[in-house]
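Please model the entire structure based on the sequences and the hints provided.
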Amino acid sequence: MNLKTEISRLVSRAVESAVRDGAFDDIFGDIDPKVEYPREMKFGDYSTPIALESARLLRRSPMEIATGLARYIGTDPRMSSIEVVKPGFINMFLSTGFLYDNLKEIVRLGADYGSSSKQTPRRINIEFVSANPTGPLNIVSARAAAVGDTIANLMEFAGDVVDREFYVNDYGNQVSLLGRSVLARIREQKGESVEFPEDGYHGAYIADIAAHIAEDYEREMSAIAGEDELVDFLALKAIEYNLAGQRRDLEEFNVRFKTWFSERTLHEKGSVNETLDLLEKANGVYADEGKSMFRSTDYNDDKDRVLVRDDGRPTYFLADIAYHREKFERGYDLAIDIWGPDHHGHITRLLGAMKSLGFDGKRLNILISQQVNLLMEGETVKMSKRLGQFSTMRDLIDEIGVDVARYFFVMRSLESHLDFDLTLAKKESSENPVFYLQYAHARICSLFREAEKRGMTYDPSSADPAYLDNEESILLMKHLAKFPEEMEDAAEKCEPHRVATFLMKVAQAFHKFYTEHRILTDDRAMSVTYLLLCDAVRTVMANGLTLLGVSAPDQM
RNA sequence: GCGCCAGUAGCUCAGUGGAUAGAGCAACGGCCUUCUAAGCCGUUGGUCGCUGGUUCGAUCCCAGCCUGGCGCGCCA
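Using the numbering used here, read the first sequence as starting at 1102 and increasing by one per residue.
It is possible that some hints are incorrect.
To be verified - Within a straight-line C-alpha distance of at most 16 Å, the following computed EDC-like cross-link-like pairs (lysine to aspartate or glutamate) qualify:
1. 1105 - 1133
2. 1105 - 1434
3. 1463 - 1499
4. 1105 - 1560
5. 1135 - 1636
6. 1456 - 1430
7. 1205 - 1636
8. 1219 - 1434
9. 1135 - 1122
10. 1456 - 1381
11. 1187 - 1126
12. 1527 - 1573
13. 1392 - 1412
14. 1606 - 1565
15. 1291 - 1316
16. 1579 - 1202
17. 1554 - 1499
18. 1594 - 1261
19. 1143 - 1572
20. 1219 - 1257
21. 1606 - 1586
22. 1219 - 1593
23. 1219 - 1261
24. 1606 - 1141
25. 1456 - 1402
26. 1613 - 1586
27. 1359 - 1257
Claimed, not checked - If you anchor each label on the Cβ, the simulated ranges turn out as follows:
28. 1326 - 1374: 28 to 34 Å
29. 1556 - 1102: 40 to 46 Å
30. 1557 - 1442: 27 to 33 Å
31. 1187 - 1110: 21 to 27 Å
32. 1318 - 1537: 46 to 52 Å
No lab work stands behind these hints: they were computed from the structure.
For glycine and all other residues, C-beta sits at the position ideal for the given N, C-alpha and C.
Pasting the structure below:
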């Protein structure tokens, strides 16, 4: 259990005891004790406004309640003091003894510090990126990749079992459009004059794919008789080619999917039709001019949505319902989807359909990752696949590297529209926030190398907490103690940017500490104590950077 | 017209209904004979879009406006 949770338990128990003693009315026990971080250090490390919140209910003054309750919180070994202040806050201060013990705990646990294990871990499926297999991944996909993977990391760290999944849209109109675009390019390359399909894929990469396929599958292609069959074949090969490229880029971005789920298989094994039957049984479907409609207006949608067209072809919506049904039937307790902003309108209807099928809506959590505005020299770059300039994830990786890219995508909250200025990201690469974090880690590694060079033995058991009784050390230790709860919070709320914000605070506190205190000196006991602190900082930085998918270098 | 997201320092953005609203970058001024200066310290910088409401207390919740972006397909 993390520190913050333990402290709110402490307050809860105090309330219980106080009520039992008759010090307060029974209704006091109904109040959920909030524990928060005070804005200022002089107000302690944790604070509860419970007395302010319950004053009206108890018909007593906040100060009176706070003073009465503080007595029951009493002396806890983790606290150095508990104060009751002005309007009625109860402020709690962590003891340096506890913080010091925690330091040793951090070093002992290493990569496990901050992680938790659950008695009954949730099985979670997180689906993200899921770009169309019609070309290379773009910047929006890159953001989704960074965000989704970090959320997955956080949830695994919090003790759940997480599967990363990529949904492959290898079915429908655009697939044959892709096939026809490739066919047109192949014929063009043979010198035939062809009309390029309307709404076809014009990108230069299509020509590359066409050339590859024409070379690799010459024999197979000549054996195919009909034009439609040829288009199907080419579409399939083009998808394979694109998927391989997407997978390669994602792996280089430190993102590995467990499952690449093909939409086509849903249609082939009848799961789509089966889903329609189930929706009909749930009375969610009616016929309208030869179409099957879903009553999504029963679930707050603006209008009912088509499931099957009048020519009998299922819509993407129906397949999507089948897909999410399939996910739940695979036994996941929670399915998380990360969608682009252009899909937000689909949330209501999909949730409605899942509820109609009898699934608990809480099992599906759809997150919207807002758009990315790509800037160069402060100017917006239009994201067209035809323009070759920095529109792909591959270009981004080549240009600024995985560490910088992943950090930039995750440092902002999901909902905020992200301005990504490439010129700035590149130009400022030496003063980039991500280097600030990595530098803290590298600096500590360097300290240990230097200590070894000087023949100092690092034996934490000979450390002496008395040396840590200074402002910089204490602040640093306090941050380190909050790592587990901050990460748990980030996981629970699906807010990966909290990791970046937290690490920034730790790095800041460390750089300050480093400047103020000389670590390697003739005072061996002091050196060892400081090294212990540094070791703990290094552990937390490494664990946090790993969650972000960013490397923690030994030297820079 | 409807829906979603955003509006906080010059720029990019954090901020759990609580106490004197923060960081990075940019600007300016300091700090390396000693463990990594990719660092530290200081200064400048704010009607938290506007107007009401809810309450002991609102940047945060609610309503209505204003501005910007995105979406409103039987494409995926």
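Each hint tested on the structure:
| no. | hint | in the structure |
| --- | --- | --- |
| 1 | 1105 - 1133 | holds, 14 Å |
| 2 | 1105 - 1434 | violated, 26 Å |
| 3 | 1463 - 1499 | violated, 40 Å |
| 4 | 1105 - 1560 | violated, 30 Å |
| 5 | 1135 - 1636 | violated, 33 Å |
| 6 | 1456 - 1430 | holds, 14 Å |
| 7 | 1205 - 1636 | holds, 9 Å |
| 8 | 1219 - 1434 | holds, 14 Å |
| 9 | 1135 - 1122 | violated, 22 Å |
| 10 | 1456 - 1381 | holds, 13 Å |
| 11 | 1187 - 1126 | violated, 23 Å |
| 12 | 1527 - 1573 | violated, 33 Å |
| 13 | 1392 - 1412 | holds, 8 Å |
| 14 | 1606 - 1565 | violated, 25 Å |
| 15 | 1291 - 1316 | holds, 12 Å |
| 16 | 1579 - 1202 | holds, 12 Å |
| 17 | 1554 - 1499 | violated, 37 Å |
| 18 | 1594 - 1261 | holds, 14 Å |
| 19 | 1143 - 1572 | holds, 12 Å |
| 20 | 1219 - 1257 | holds, 10 Å |
| 21 | 1606 - 1586 | holds, 15 Å |
| 22 | 1219 - 1593 | holds, 14 Å |
| 23 | 1219 - 1261 | holds, 7 Å |
| 24 | 1606 - 1141 | holds, 15 Å |
| 25 | 1456 - 1402 | holds, 13 Å |
| 26 | 1613 - 1586 | violated, 24 Å |
| 27 | 1359 - 1257 | holds, 14 Å |
| 28 | 1326 - 1374: 28 to 34 Å | holds, 30 Å |
| 29 | 1556 - 1102: 40 to 46 Å | holds, 41 Å |
| 30 | 1557 - 1442: 27 to 33 Å | violated, 55 Å |
| 31 | 1187 - 1110: 21 to 27 Å | holds, 26 Å |
| 32 | 1318 - 1537: 46 to 52 Å | holds, 50 Å |
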